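Now for the letters of each chain:
2 protein chains.
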Amino acid sequence: MKFAGFQLIATALHLALVGLAVAQTESAIDPLPSWNEGPAKAAILAFVARVTSEGSADFVPREERIATFDNDGTLWVEQPIYTQVVFAFDRVKTLAPKHPEWKTTQPFKAVLEGDREALKTEGKHAVEKIMAETHAGMTSEDFAKLADDWITTAKHPRFKRLYTECVYQPQLELLSYLRSSGFKTFIVSGGGIEFMRPWTNRVYGIAPPDVVGSSVVTEFQMQDGKPVLMRLPKLNFVDDKAGKPVGIGQHIGQRPILAFGNSTGDREMLQYTCGGDGARLGLLVLHDDAEREYAYGPADGLPASKVGTFPQTLMDEAKQDGWIVVGMKDDWKQIFPWSR
Amino acid sequence: MKFAGFQLIATALHLALVGLAVAQTESAIDPLPSWNEGPAKAAILAFVARVTSEGSADFVPREERIATFDNDGTLWVEQPIYTQVVFAFDRVKTLAPKHPEWKTTQPFKAVLEGDREALKTEGKHAVEKIMAETHAGMTSEDFAKLADDWITTAKHPRFKRLYTECVYQPQLELLSYLRSSGFKTFIVSGGGIEFMRPWTNRVYGIAPPDVVGSSVVTEFQMQDGKPVLMRLPKLNFVDDKAGKPVGIGQHIGQRPILAFGNSTGDREMLQYTCGGDGARLGLLVLHDDAEREYAYGPADGLPASKVGTFPQTLMDEAKQDGWIVVGMKDDWKQIFPWSR
Chain F
1 MKFAGFQLIA
11 TALHLALVGL
21 AVAQTESAID
31 PLPSWNEGPA
41 KAAILAFVAR
51 VTSEGSADFV
61 PREERIATFD
71 NDGTLWVEQP
81 IYTQVVFAFD
91 RVKTLAPKHP
101 EWKTTQPFKA
111 VLEGDREALK
121 TEGKHAVEKI
131 MAETHAGMTS
141 EDFAKLADDW
151 ITTAKHPRFK
161 RLYTECVYQP
171 QLELLSYLRS
181 SGFKTFIVSG
191 GGIEFMRPWT
201 NRVYGIAPPD
211 VVGSSVVTEF
221 QMQDGKPVLM
231 RLPKLNFVDD
241 KAGKPVGIGQ
251 HIGQRPILAF
261 GNSTGDREML
271 QYTCGGDGAR
281 LGLLVLHDDA
291 EREYAYGPAD
301 GLPASKVGTF
311 PQTLMDEAKQ
321 DGWIVVGMKD
331 DWKQIFPWSR
Chain Z
1 MKFAGFQLIA
11 TALHLALVGL
21 AVAQTESAID
31 PLPSWNEGPA
41 KAAILAFVAR
51 VTSEGSADFV
61 PREERIATFD
71 NDGTLWVEQP
81 IYTQVVFAFD
91 RVKTLAPKHP
101 EWKTTQPFKA
111 VLEGDREALK
121 TEGKHAVEKI
131 MAETHAGMTS
141 EDFAKLADDW
151 ITTAKHPRFK
161 RLYTECVYQP
171 QLELLSYLRS
181 SGFKTFIVSG
191 GGIEFMRPWT
201 NRVYGIAPPD
211 VVGSSVVTEF
221 QMQDGKPVLM
231 RLPKLNFVDD
241 KAGKPVGIGQ
251 HIGQRPILAF
261 GNSTGDREML
271 QYTCGGDGAR
281 LGLLVLHDDA
291 EREYAYGPAD
301 GLPASKVGTF
311 PQTLMDEAKQ
321 DGWIVVGMKD
331 DWKQIFPWSR
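Chains as they are written, first to last, in the working numbering: chain F, 1 to 340; chain Z, 1 to 340.
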């Protein structure tokens, strides 16, 4: 009986291999169909081939194939304003009836009146006050529900689509391609870690533990006899610029071999990634497509932007260090899952 | 041709399923052979069955099957002294020739002379001084190498085996069993995150990103033109007691459904885990086997211990909240991979 079982398995496996080989030849497809043929796509395919070919001098074992992606401007739209800031402003509007004093108190007055100039005058201090009122004083689980409820209804002002539909199709393909090539993919974003985690698995296939981001201090408390994590109005960690490699060290504990960003906030992450031994790939999205998405820099004479700044110094460093600059206009055949 | 391919696959898959069914019946084996039959083993098997049976009221989707394990005293031996403290003391001895002043300066003098009484007198302050000298002022990668070199040579004073051999065989089986049941397994330890990460994948099958622990502040720096993370002599996070749920929130971002600990340091982790909705399992190792390992409590009249304290209040809470107390003596057939 045992022998019969093994024989059946052997026969079945043989037939399965033959069948799969036939199917595979028939369906050999481009893993990055929304990327135009060009140096960026070629560099990605060549890099993945190098690090995954056993026997290659650049072979990297599966457990060391770590890829980190910025979120705002790298995986989804960040113009005209960061999505999480829109969320915070919407929270102010929702909470306003309970805070009649906000009608006459800055920065809340400016948010309620849509007065961007007044908000700019208030500056950094305004952001802190708004975050304290809208992002703290509740449990992590309650905040996750608020964020998730909002993200499944709020729409981008220009594209009239959910923000989670304003993700870049070429990047969704790249994430899938890397994972099917044995990579582990992480988000490393300046955005709030608990703002992203409720929906990243659904949208990007990236589970909560694989999201690295900025955070507030949380405290273990008993609330009506139920143990919870309470979000306090105090910044814990800023996962931006030199904070990105630190966040990677804390959460991942391994130096990535591939990092993808789009602004000055990603510079140190790319330096850290590409500064390791062996094959490394650093990539930056350049938003140079005003027609299909947005155009901002100020590198290459593109309009300046406070959101997702890509200065000429970053372009120069990319050229010097061999980081791949991915131009939306030329390198991406399609921008969003629903658009060309 | 396409049709032929699919037909082959269909035939092959059918045969494979028949073959596998035969093989599975023949080889149905106990997933926890080093656990004695008894209430603890039964509770684990019943819990896994409940949360993995589709259609069951307690079914939990794979992506929410999070299990967290303490390390010291839960996965490996913590007596007579925490392994990482032995590492720190050994570092003091290794570095001593470069620090002749240590011969006359506390707490280093006490470490060099093996004077435990003097160390106790120095107290908490001593630990901080020793950690600053032995655990900081180097890059994360250099520290990982030091830790890994040490752990592959240092031996436990009583068992005369590598510390990584003084891991509990029943727990290795449980980790494997949980993973094969779709769980994601994490370490959540008071020990140093960068002390554990170099070897946890090798020893427990738990990769660096899935290790949560205490940490020092790290800083992104350029060292001779090479980007590194420098470990500073400043505590960043203590992953113990109420810090454990906070560490879980930061690193995992999901409330576990199973948590396993062995001391007061794990109390809040079990509270947080078992305080969620749906099926939950909290477990505690009770070290009651002086012959094969160690016996300490002081619960149940066991000798008191400063390392891995298990007081009667914790035993009472376990009984009240339905946490499973796993007695080494009765519940574990075998303790270490190499012993009975």
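One thing to keep in mind: the hints can contain errors.
Distance condition first, Cα-Cα at most 25 Å in a straight line; then the derived SDA-like pairs of lysine to any residue [said to hold, decoys possible]:
hint : chain 1 : residue 1 : chain 2 : residue 2
1    : Z       : 241       : F       : 220
2    : F       : 124       : F       : 333
3    : Z       : 241       : Z       : 320
4    : F       : 226       : Z       : 63
5    : Z       : 184       : F       : 64
6    : F       : 241       : Z       : 233
7    : F       : 241       : Z       : 136
8    : Z       : 184       : F       : 50
9    : Z       : 306       : Z       : 89
10   : F       : 319       : Z       : 89
11   : F       : 234       : F       : 64
12   : Z       : 226       : F       : 114
Coverage of chain Z stretches by chain F, computed from C-beta distances (three or more under 8 Å per stretch; other residues unrestricted) [to be verified]:
hint : segment
13   : 164-172
14   : 187-201
15   : 252-265
16   : 270-282
It is worth saying that the hints were derived from the structure and are not from the lab.
The structure presented is a predicted model; accordingly, all values stated were derived computationally and were not measured.
No residue lacks a Cβ here, since even glycine has one placed at the ideal position from N, Cα and C.
Checked hints:
no.	hint	verdict
1	241/Z to 220/F	holds, 10 Å
2	124/F to 333/F	violated, 38 Å
3	241/Z to 320/Z	holds, 19 Å
4	226/F to 63/Z	holds, 23 Å
5	184/Z to 64/F	holds, 18 Å
6	241/F to 233/Z	holds, 22 Å
7	241/F to 136/Z	holds, 23 Å
8	184/Z to 50/F	violated, 30 Å
9	306/Z to 89/Z	holds, 18 Å
10	319/F to 89/Z	violated, 47 Å
11	234/F to 64/F	violated, 34 Å
12	226/Z to 114/F	violated, 46 Å
13	164-172	violated (count 0)
14	187-201	holds (count 4)
15	252-265	holds (count 4)
16	270-282	holds (count 3)
The structure fails hints 2, 8, 10, 11, 12, 13 (numbered hints given earlier, in ascending order).
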